[in-house]
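Keeping their order, the protein sequence lines are chains A, B, C and D. Residue 105 in the working numbering is what sits at position 105 of the first sequence, and the numbering runs on without skipping anything. Position in the second sequence counted from 1, then plus 646, gives you the working numbering. Position in the third sequence counted from 1, then plus 745, gives you the working numbering. Position in the fourth sequence counted from 1, then plus 1238, gives you the working numbering.
Careful: at least some of the hints might be erroneous.
What the hints assert, rightly or not - Below 20 angstroms or equal to it, Euclidean Cα-Cα: the simulated EDC-like pairs (lysine to aspartate or glutamate) are:
| no. | chain 1 | residue 1 | chain 2 | residue 2 |
| --- | --- | --- | --- | --- |
| 1 | B | K744 | C | D1098 |
| 2 | B | K744 | C | D1038 |
| 3 | A | K613 | C | D1038 |
To be verified - To give an idea of the chain B side of the interface with chain A (calculated C-beta under 10 angstroms), a few residues:
| no. | residue |
| --- | --- |
| 4 | M647 |
| 5 | V649 |
| 6 | L666 |
| 7 | L667 |
| 8 | T668 |
| 9 | S669 |
| 10 | L675 |
| 11 | K730 |
| 12 | I737 |
| 13 | R738 |
| 14 | L740 |
| 15 | A741 |
| 16 | K742 |
| 17 | K744 |
| 18 | G745 |
In short, the hints are calculated from the structure, not lab data. Think of the CB as a built atom: it goes at the ideal place given N, C-alpha and C, for glycine as much as any other residue.
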Amino acid sequence: MNPNILLIPILLPVLAGLAVLILPKGLKWLKEGLAVAVAAVALYYAALIFKSGGEGLRLFVPWTSFGINFDLYAYHLPRFILLAAAGFEVLLALYSAAFMHDKWRSREYFAYFLITAGLANGAILANNFMVLLFFWEGLLVTLYGMITLGHKQSHITATKALIISGLADFAMILGIIFLWSVTGTMTMSEVRFLEPTGLAGAAFILMALGAMAKAGAMPFHTWIPDAAIDAPLPFMAYLPAALEKLLGIYLLARISLEFFTIHMNSAMSIFLMTIGAVTIVLAVMMALVQKDYKKLLSFHAISQVGYMILGIGTGVPIGIAGGIFHMLNHAMYKCTLFLTGGAVEKEAGTTELKKLGGLFKLMPITGVAFWIAAFSISGVPPFNGFVSKEMVFHGAFETGHIIFPIAAWIGAIFTFASFLKLGHSTYFGKRSPEAPVQNVKETNWAMIIPMSVIALGCVVFGVFNKLPLKYLIEPVLMKSPTMTEHLTVPAHGAEAVSLAMPAPVEFGFWHHAFAMNWIVGVSMACLVIAFLIHQYGVKKGQGKAYLASEPIHHLPVLNTLYDLAEARVFDLYHWFVNGLVKGGAWAVWKVIDRGIDAVYENLLTFVGNFSIKVLKEYHNGVYANYLSWVVGGFALLVIYLAVLVK
Amino acid sequence: MVVTYFIFVGLLFFIGLYCLLTSRNLIKLLIGLEIMAKSAVLSFIVAGWARGENFVSQSVVITFIVIEVSIVAVALALVINVYKNTGNLDIRSLAKLKG
Amino acid sequence: MLLLFIIVPLAVAALMPLLARIWKGLPDVLGMVTMAFTLGLGLYHIRMVAAGHRYFWDTGSLGLPLKLSLAMDGFSLLLLLIISLISLFACIYSVNYMEHYGAKGSYYALFMLMVAGMNGLVLTTDLFNMYVFLEVAAVASYALVAFGQKHDEVEAAFKYLMLSVVATTGILLAMSFVYLMTGTFGITDLAYAVKTGMNAQLIGLCLALFLMGFGLKSAMVPFHAWLPDAHPSAPAPISAMLSGVLIKVSGIYALVRVVYNIFGLPPQVSSALMVLGVLSMVIGAVVALGQNDYKRMLAYSSISQIGYIVVGLAIGSPLGIMGALFHLFNHATFKSLLFLNAGATEYATGTRDLTKLGGVNNKLPVTGFTNTIGTFSIAGVPPFNGFWSKLIIIVALVEANYIGVAAIAVATSIITLWYFLQMQRQAFFGKLAAGLEKVREVPFYMALATICLAALCLLGGLFYPWITANLIQPGVTSLSNAIGVNSFINLGQ
Amino acid sequence: MDLLNLILLLMLAGFALMAVFLKDLLKAAISLAFMSSLLAVLLYRLDSPFAAVFELSVVAGLITVLFVSVIALTKEEETAKEARWPAYVFPLALVVFGLIDIKVMQSLFATTPQGFGNPEASFGATLWGVRSLDILGQIAVIFGGVFGVLALLREKPLTAKQKEDAIIAKDGGKEKLW
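So that you can see chain A by itself, here it is in the shape it has in the complex:
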């Protein structure tokens, strides 16, 4: 196959995006049609590239000196990610066409959308660090642009996103430069299995930080919940939920599987796993207390990154496979969730939970899609999230540090609890009297198709999990030299799955690793705990409505008994959930999340202001003062250059 084909998924969307910018305003549906068509063509070529097989396609154009070449290389991992990204681009283009059609500055939105798609494809295919950086940094601009499209004050959030992402990207640039000074090559495929020690270790940490920040891990996450409110909704499904996860985890996978060797329980492995576990727990606790559809989802988008980082960080084959599979699954169900959020926002007019309720009958397809995705993200069998999460649990357990699987399970409990809350309050119960739109209808086909396709995918990938594992994940890992060369088979009894062994084992997770495994049992127990917590919560929260519908409840004696019981339950619940969990969650929210914000916003500003004030005072406009600086500087130079000379 001609390697020039690699240029199509990059150039076509970018050119189309520029074309959209200059299209005349009057043409209805043209920009939307163009976006969908271009995304579809890009998907076709991505599929072609995926099918190319073998050692992959490589496009190499010498560019300038110092080893900087225009170098694209589609081998196993990139072409898999490219296919996934292209798939999401098509579905989201379709969805955006419906959602953004009549919105403010929609032309710019579609231009940014297409350019983002092209740049992301470029970043996936890049095989030279400079080329990677070029596309990677270019995404910052479209990120900024897309967030500003939300409403008139969105630029504040956009600036925040830009500065935080920029900070992380600069960390990555430094990491890349360190790596370059270690290896002496800018070509990514030539960097192989370094031991992360010394300068290379610094490079690993910096690059991993950059990649994880792209995926939205803590502490680089704070812009995502703000963007959930301020940015247009398809943006949330497109960038933070889908593309940025794909890109960030893709790069993290390359860093930890190809560029470096991560041994199980090495310092780097612990570093990654710690970030993963902390992200899971903190973000899910923040998600639990949110009262807005989109904001709750956005915190889960952060929390789920933790599972992927944890999985990859384990350094155990099953964990790594689970992390990458979870990335794919997460992109699918989180996309669906955001899309249902968009549908709810468009049809019901709000995303505040207290103003929603009883939508399941009115929007059945959206509701079903939501519940499928919610069960997926919570790890309910047989949906796809269950499989990948179990693999991550296994991997984490195999490292021997029990704290990491426990953190992951805690995450699972609250994930399910918060989705029960979200689903219950949105789709069941009664219509809220405060609801802004009373006659809610099912949303239109252009929005239904993407969400139902992806939701269906969640089911398919869960039930027939061998399919994606065998055809998508396995080739990535099995054919990658990493797996056969450096990952050792973990010594963990019968459950150990050896990826180093060829085909017969075939990732047979479902039967011998999962079905009769106590780890699965613990996970199921987590789901039950979550359900119970939810029931307590519902009883407490909706107590009055519930009691009012029950006439028996008003009987004098029973009433007192109920009240007493309820009070005890309340106390228990309050002590456990409100006191510990909710209080803890609020504390985390206040201290960690807003604390990081405070560092970004206040501390930096304060330090800046202080030095600015001092320096400005010295520039006082007095000529003699300025001249004395010159003379003083000259004196120091003379002392250094003439007196101290050997």
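Please arrange chains B, C and D on chain A, whose structure you already have, making use of the hints.
Structure of chains B, C and D alone, referenced to chain A:
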């Protein structure tokens, strides 16, 4: 001895610099500038004299004197403008641009 | 041929006040034509210079006894192109902008003299001659800074003059010492003579004097204090010329010629330059963060960006020099663009106080758009040109094991992004400030100049391989040959 | 060391001090002129007659005239009053600097190389031949000075507001300036 001349070159440069650092009157500042220029002239001529190659140093000095006149002329035009704007010749009134 | 670079602007300058009386529009046309001519002349030389050829011209060809010569290598050509390019756009911009200042004849005459001086400085092979042309450009720039004749302008020009003169006297003293010891002014001869015939302490004193002098001209901290006054006070096209070109030609270029080509970049000078560069980088950026005046903020940002260039040059590795020269080129484009935009904003709204501006993006679409491009370029956002040069400098720093400095450079570029976004938000986005309802877009020629420069920023980023290969690389070659070896074979015979 | 040259150098420094510390600007300017004249004599004695002539005519003559005329232009009102402390601090600073100066210069210029004599037969050949590009620079810098002075001493341009007012007064504001 060449050294003696260069000691005076340094001295004149110092006197000019001292004048620039401490004077308040703009014309005094220009006088300080002139004194510094003289030290440069003396330095060049002494250099040529010491080497016994005084043609090049002289032509350099002549060029420098022409430049000096131009600078002083522009500087004096600036002084007149300052005077028109502020009504005095105090360098302390020229501290509006700061920060 | 090379003499034309000096003679043509000089002749135009001499005739300008006379021609201005013939027809009012003549100075504008003549200025643009002259600059376009020198630009064309520069472009004509690119191909051969990129192929390694060097051009010479000497006084012998005028029938005079041969001695003083002009020469052009890659570094000179790069600077010549920058001068012509930015001057051309500044001239285009001046057509409308300088209307209300009056005395266009004098203005263009001084402008042309400044260009002639800079061209001469870049082409000459003689140290004292370099000083002479430096003063030509400087005298013209003093008058141009004070061209508005109001208090701010005059104050700035006076301080600029008085500080510059100290610097140039220092340079002169150093030259006289060098002459005493070596008996020559030609850069080629000097490089040889310095190596053989000067004691180390005298070299140290001369280097300190040169560093102070050219450091003041290029506004390195702590010699920078004149720049935040002078650059904002000048008329906008002159600000663009000063910040975009003059500090680089009379500061960086001259410094590099002396330090690299005569003294061969001794390690002490390299570390001194590194300290000066880092100081400039950080202090310029921090103070810029606290400015409310748009142009003053840009001026401090110039100090910061000069810091990047100096740091790149201080490394002395080919990659470092490439980063520095590329950043020099890029800074010329985006800083002139931003200064012209600041002028356009002031022209349209009557103020450049950021707190009084706001939401003018809707009223000034062209200016707002080009300003955004300038912001992205200077902040180092791809695919604009500033990204590549900053990246190369940082890469070079790490490669040369200056990891701390690299981290500072990265942090500074974040601060840069920060204050430019702050400026964008205050001035261009958000709600329209009170009193700006009747603001209209600037006239055609001003908009044209800014659009051209914005396009240049974008093209510079997209075609950066071509630029580095054809414009920057010859300069890098001619400079890196000079390091350490001290045998200067690039200029003169 | 020629004794007369030493005396000339000392007088040079003395007049420089007078030019700096005399309160009357006119007297200071005249001290500067004396200093230039003495420098011219010194240059003559250092085998540099052409430079001496230039120093005498241009610096002692032309620049002094410029100074005096500007002083006369600005004399009417009380100009800046000098601070007193510089004159008291100066002797100390002079002694400190003088010691450093003597030490430094002695170490730097203890031996100076002897050249090979003048390369050209005449001064004219040197100036017009060897340094011909300097002449070009001189022409340019003279232009710079002249145009600079012309530009700076032109009638002050009207501000935008004044000009607008003038136009409004003339044609009732039909032509908008900005």
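Each hint, compared with the structure:
At roughly 15 angstroms between alpha-carbon atoms, K744 (chain B) and D1098 (chain C) fall within 20 angstroms of each other, so this suggested pair holds. The suggested pairing of K744 (chain B) with D1038 (chain C) holds, with an alpha-carbon distance near 11 angstroms, which does not exceed 20 angstroms. Straight-line distance between C-alpha atoms of K613 (chain A) and D1038 (chain C) comes to about 15 angstroms, which keeps the hinted pair within the 20 angstroms bound. Interface restraint check for M647 (chain B): the shortest CB-CB distance to chain A comes to about 22 angstroms, outside 10 angstroms, so the restraint is violated.
For V649 (chain B), the interface hint is violated, since its Cβ never comes within 10 angstroms of a Cβ in chain A; the closest pair sits about 17 angstroms apart. Hint status for L666 (chain B): holds, given a least beta-carbon distance of 6 angstroms to chain A, under 10 angstroms. Taken as an interface hint, L667 (chain B) checks out: its beta carbon lies about 5 angstroms from the nearest beta carbon of chain A, inside 10 angstroms. Evaluation of the T668 (chain B) hint against chain A yields a held restraint, the C-beta minimum of about 7 angstroms falling below 10 angstroms.
This hint holds: S669 (chain B) has a C-beta 9 angstroms from the nearest C-beta of chain A, less than the 10 angstroms allowed. Hint status for L675 (chain B): holds, given a least beta-carbon distance of 8 angstroms to chain A, under 10 angstroms. Interface restraint check: K730 (chain B) against chain A, minimum CB-CB distance 19 angstroms, threshold 10 angstroms, status violated. Because the beta carbon of I737 (chain B) sits about 5 angstroms from the nearest beta carbon in chain A, less than 10 angstroms, this interface hint is met.
Below 10 angstroms, beta-carbon pairs count as interface contacts, and R738 (chain B) has one with chain A at about 8 angstroms; its hint therefore holds. Taken as an interface hint, L740 (chain B) checks out: its beta carbon lies about 7 angstroms from the nearest beta carbon of chain A, inside 10 angstroms. For A741 (chain B), the interface hint holds, the least distance from its beta-carbon to any beta-carbon of chain A being 4 angstroms, beneath 10 angstroms. A hinted interface residue such as K742 (chain B) counts as satisfied when its beta carbon comes closer than 10 angstroms to some beta carbon of chain A; here the least separation is about 6 angstroms, so the hint holds.
Against a cut-off of 10 angstroms between C-beta atoms, the interface hint on K744 (chain B) holds, since the closest Cβ of chain A lies about 3 angstroms away. For G745 (chain B), the shortest C-beta to C-beta distance to chain A is roughly 4 angstroms, which falls under 10 angstroms, so the interface hint holds.
Violated hints for the displayed structure, listed by number in ascending order: 4, 5 and 11.
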